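Undergrad: As you go down the protein sequences, you meet chains A and B in turn. In case it helps, the working numbering puts the first sequence at residues 1 to 412. In case it helps, the working numbering puts the second sequence at residues 1 to 412.
Rather than coming from a laboratory, the hints here were simulated on the basis of the structure. These numbers come from a predicted model, not from an experiment. Some hints could be false.
Where chain A lies over chain B, by a calculated footprint (3+ residues, C-beta under 8 Å) [claimed, not checked]:
#1 123-130
#2 191-198
#3 208-214
#4 286-295
#5 319-328
#6 393-407
By construction, the Cβ of each residue, glycine as well, lies at the ideal position given by its N, Cα and C atoms.
Protein chains: 2
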Amino acid sequence: MRAEIISVGTELLLGEIVDTNAAFLGRRLAELGVDIYHRQTVGDNQGRLVAAFKLALSRSDLVLVSGGLGPTMDDLTREALAEVLGARLVLDEGAVRHLEAYFTRLGRPMTDNNRRQAYRPEGADFIANRRGTAPGILARYQGRTIVCMPGVPRELETMFEEEVVPRLFGTSTGEKRVIKSRTLLLTGLGESAAENAIADIIKEQTNPTIASYAGLGEVRLRLTAAAAGAEEALALIEPLEAKLRERLGDAIYGVDGDTLEGVVAEKLIKGGLVLAVAESCTGGLVSHRLTNIPGSSAFFRQGLIVYSNEAKKELLDVPDELLEEYGAVSPQVAEAMAKEVRLVGDADLGLAITGIAGPGGATPTKPVGLVYLALARDGECLVEKHTFSGQREEVKYRASQAALNLLRLHLR
Amino acid sequence: MRAEIISVGTELLLGEIVDTNAAFLGRRLAELGVDIYHRQTVGDNQGRLVAAFKLALSRSDLVLVSGGLGPTMDDLTREALAEVLGARLVLDEGAVRHLEAYFTRLGRPMTDNNRRQAYRPEGADFIANRRGTAPGILARYQGRTIVCMPGVPRELETMFEEEVVPRLFGTSTGEKRVIKSRTLLLTGLGESAAENAIADIIKEQTNPTIASYAGLGEVRLRLTAAAAGAEEALALIEPLEAKLRERLGDAIYGVDGDTLEGVVAEKLIKGGLVLAVAESCTGGLVSHRLTNIPGSSAFFRQGLIVYSNEAKKELLDVPDELLEEYGAVSPQVAEAMAKEVRLVGDADLGLAITGIAGPGGATPTKPVGLVYLALARDGECLVEKHTFSGQREEVKYRASQAALNLLRLHLR
């Protein structure tokens with residue numbers, strides 16, 4: 001089966017928003033073993049939408065459309081689809097009732113433009129939208145399938161998983177060629193260094209293939225195998241993964257959808273450990289990332305953002321002499337912060353980050369990007385020095401990544 | 001002039017990463033008055049790359065390519081371009097010296113695969129990369145122009161602004177049709193409500209057009225005008241913007257690239273005010289967003305993340321009785337947090353957020369998404385109740401957005 005993705009919205013073409021839906025659908029289609037050769041992006045214009053739908057239906061078995069189903073006047077996917085199918089738009093009474101119930105539940109009045117969403121091309125099916133107002137539409141056309149989903153990512157994702165996949169793939173016989181991928185997530189070394197370390201392995205590989213991608217503060221290695229079935233594909237990936245793990249060791253922090261904060265959180269929860277965080281240059285980002293993990297209250301009770309020297313002194317008793325002699329961005333102050341936040345927070349571990357995120361704040365001896373990390377535990381304190389490149393937000397993120405990695409390596 | 005964007009990378013097709021480069025280039029091309037009708041996404045495969053380049057050069061005057069110029073073996077843009085141009089790849093000695101100097105500056109050895117980046121098709125020009133190792137390539141082909149840029153967003157953006165725009169548009173005579181856009185950023189009301197409030201204005205508009213987009217915790221209204229020149233286009237936008245501002249009032253927090261945290265930071269800096277933040281359910285996100293703004297140390301000295309009841313008691317003296325009688329997620333506790341963090345932080349303003357981010361933590365009377373905000377100033381304390389929809393990270397973000405908006409409206 002050959003699939004094509006069409007992303008609808010002038011805001012996409014003009015770059016007002018980035019196309020996360022196409023990325024989501026691409027990922028899921030790959031996992032489902034469906035080939036994707038084409039992706040189109042089209043604006044909110046009925047004529048161009050019709051042309052894009054026709055082109056897609058001429059060359060692909062399955063067309064997945066995102067966007068243009070909402071209540072506003074520039075949402076034209078319904079109209080374009082009806083034109084392509086040669087069907088008129090009909091009001092679906094079930095959909096009207098569903099919309100009315102949705103607004104009643106929210107305690108808000110239903111505006112007139114919302115009623116537009118209850119229209120569908122005659123002969124096409126509605127797809128339930130559990131997370132929003134715009135239903136999806138599934139239509140068949142000359143043996144091809146076209147599925148229109150709303151553009152709001154959480155609505156599209158839920159609809160795709162809960163409604164579209166079962167309808168399209170539920171009866172799959174498994175006869176088609178299956179592609180399986182596994183991504184190894186690395187942090188603490190760059191893309192070139194990572195690829196150099198495994199250049200000989202990459203060279204001899206054809207199935208699975210290995211591709212490396214540089215992310216902010218991490219590198220991803222994607223292993224992709226093709227086989228007759230999912231199990232065979234996974235069996236091809238396993239020995240290669242083992243070989244890469246032997247070579248790269250601790251640099252691998254996780255796989256696929258793992259996050260560094262998720263991996264760290266799991267280790268803390270398993271170990272029954274409590275962490276206290278003192279952040280200066282990261283400004284709350286480390287705490288934010290850790291508290292993105294459901295259940296983080298098991299290990300995270302408090303974090304102190306000691307942005308100014310006064311805050312470092314008042315909240316963490318960092319001695320004046322340390323600040324004067326070494327400066328706030330120094331191994332000495334990082335260590336004092338980590339030790340004290342551990343005590344103040346009555347925690348097993350104290351993590352501290354102090355650095356210069358830029359663009360201001362640099363001195364002749366302390367450049368933008370200089371960051372000290374410290375991790376205090378009973379009787380010991382590890383201190384690390386890093387120099388990160390990039391803009392302010394990149395430095396903050398790289399520093400948070402290194403801090404979480406320090407924690408991860410310590411918790412092995 | 002008609003432009004086309006080609007994004008290169010199997011990781012894009014398979015959805016491993018989202019295509020922010022295409023969004024950036026789309027936005028900039030629109031601002032430069034260049035029409036974009038096509039966007040293609042292609043994997044790391046020389047044959048398919050060649051086909052995509054040929055198709056693009058057959059229908060577009062300007063082809064902007066991102067990605068596939070790096071040092072690794074799956075970077076094939078150079079090779080594909082050479083094939084399309086019918087030119088051989090030659091080693092550029094200037095580029096070799098540049099690469100060597102780059103690695104010397106970083107204090108790292110230059111690996112062999114990095115040398116690949118110094119090859120370009122004979123007859124094509126290199127474009128300097130001030131932020132990374134891979135140079136860009138500019139080639140002319142049968143009166144068309146093709147520009148290849150690295151896929152790392154900060155490298156692409158800098159190269160496009162500093163090198164590509166001056167070469168392609170520097171001598172523009174201004175005779176072409178210019179499109180100008182202005183985006184009004186709203187928070188505190190939904191997309192349907194916003195569009196309903198201005199439905200009559202939208203209906204009568206053709207140039208400029210108005211399009212509305214729903215973001216997380218905000219709505220964007222984009223006004224787009226087309227005219228012979230930039231000034232004429234802007235003159236069309238101005239009266240419409242004034243009309244919308246009169247109708248929507250305080251819901252508009254900024255325009256174009258503004259951020260809510262940036263707007264709030266500017267007001268705090270202008271007013272010479274110091275803010276202290278106490279976060280529970282947002283876990284550091286409000287502080288993180290505020291400290292993303294360069295110069296935030298002028299108003300932000302400390303933030304307390306009081307995630308547990310113990311932390312609320314110890315760091316902010318929240319009375320046991322309040323926690324027991326009303327619970328941590330209550331207007332009473334929000335108010336106590338805001339007042340105390342203001343005192344502890346010796347600040348003009350104290351901002352507090354307490355709520356249930358989910359998925360756990362809900363009670364029969366307190367659902368996931370319930371959030372109380374409080375803002376304490378000398379002699380007064382504002383308290384707000386919100387119920388946000390969405391997953392954990394969405395609730396955190398919406399809560400941070402509402403907290404920053406409370407601050408913004410108070411600072412008018």
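Undergrad: Any hints this thing doesn't respect? Which numbers, in order?
TA: 1 and 5
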